[in-house]
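Put together the whole structure using the sequences plus the hints.
Here's the letter readout for the chains.
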Amino acid sequence: DVKVTQSSRYLVKRTGEKVFLECVQDMDHENMFWYRQDPGLGLRLIYFSYDVKMKEKGDIPEGYSVSREKKERFSLILESASTNQTSMYLCASIRDQGYTFGSGTRLTVV
Amino acid sequence: GQNIDQPTEMTATEGAIVQINCTYQTSGFNGLFWYQQHAGEAPTFLSYNVLDGLEEKGRFSSFLSRSKGYSYLLLKELQMKDSASYLCAVSGAAGNKLTFGGGTRVLVKP
Numbered sequence: 001d002v003k004v005t006q007s008s009r010y011l012v013k014r015t016g017e018k019v020f021l022e023c024v025q026d027m028d029h030e031n032m033f034w035y036r037q038d039p040g041l042g043l044r045l046i047y048f049s050y051d052v053k054m055k056e057k058g059d060i061p062e063g064y065s066v067s068r069e070k071k072e073r074f075s076l077i078l079e080s081a082s083t084n085q086t087s088m089y090l091c092a093s094i095r096d097q098g099y100t101f102g103s104g105t106r107l108t109v110v
Numbered sequence: 001g002q003n004i005d006q007p008t009e010m011t012a013t014e015g016a017i018v019q020i021n022c023t024y025q026t027s028g029f030n031g032l033f034w035y036q037q038h039a040g041e042a043p044t045f046l047s048y049n050v051l052d053g054l055e056e057k058g059r060f061s062s063f064l065s066r067s068k069g070y071s072y073l074l075l076k077e078l079q080m081k082d083s084a085s086y087l088c089a090v091s092g093a094a095g096n097k098l099t100f101g102g103g104t105r106v107l108v109k110p
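Just so you know, the protein sequences line up as chains A and B, in that order. For what it's worth, my numbering labels the leading residue of the first sequence as 1, then goes sequentially. For what it's worth, my numbering labels the leading residue of the second sequence as 1, then goes sequentially.
These are calculated hints, taken from the structure and not from any lab test. Heads up, some of the hints might be wrong.
What the hints assert, rightly or not - Calculated cross-link-like contacts (lysine-lysine; reagent style BS3-like; alpha-carbon spacing at most 27 Å): (1) K76(B) with K57(B); (2) K55(A) with K13(A); (3) K3(A) with K57(B); (4) K53(A) with K70(A); (5) K55(A) with K3(A); (6) K3(A) with K81(B).
Claimed, not checked - Covered stretches of chain A, as calculated for chain B (at least 3 residues, CB under 8 Å): (7) 29-40; (8) 43-51; (9) 98-106.
As the list claims (entries may be wrong) - Sample of chain B residues with no beta-carbon within 10 Å of chain A, all distances over it, derived: (10) N21; (11) E41; (12) G58; (13) F60; (14) F63; (15) K68; (16) G69; (17) Y70; (18) Y72; (19) S83; (20) L87; (21) T99; (22) K109.
All residues carry an ideal CB built from backbone N, CA and C; glycine is no exception.
As structure tokens, then:
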């Protein structure tokens with residue numbers, strides 16, 4: 001089974017901090033994705049990557065950047081965290097035609 | 001653009017059947033997915049439809065009509081553990097990225 005691992009389950013950060021959310025998959029998949037999930041809004045795509053050093057903006061990229069230096073690792077970066085970035089962040093990798101999600105990182109910005 | 005609609009919440013009795021509808025308007029279509037998400041956990045893959053018709057997988061079935069932009073997920077012989085959110089997602093023309101509906105929270109009562 002594909003494993004997608006997110007390094008932190010819960011994070012609390014201060015406004016203005018630079019935040020790194022890490023995601024690692026173990027099946028050599030090329031496609032990886034970062035979503036955020038908020039009540040009433042569902043999952044919204046922030047960034048995705050089809051290959052090493054490749055990145056594409058999703059629907060809500062503002063305030064975020066990503067890094068894909070190695071195929072197995074896709075990092076989401078909050079350049080200067082703000083309270084409206086408090087959310088559940090989900091990383092995903094492709095499995096057959098469907099996603100496998102990581103367990104999620106619940107980020108609180110205070 | 002992409003627009004995916006599904007009901008916010010449904011309630012059903014243990015042992016009954018529930019049908020969750022999903023309508024979509026997308027700029028392209030490469031397939032429709034259903035995911036199950038228990039509270040506080042990551043979504044897990046349930047089904048994938050790319051051709052019209054019914055796909056059955058145990059107690060769960062999913063139906064697709066591409067001409068109508070419509071799908072449903074049918075849950076039979078409901079069990080308490082089926083209480084969860086069910087997410088409808090569409091893969092559009094641009095690669096493998098998915099656009100999600102807001103999710104339907106299903107509450108199964110004894």
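(request) Just pull the numbers of the violated hints for me, sorted ascending. (result) Those not satisfied are hints 11, 20 and 21.
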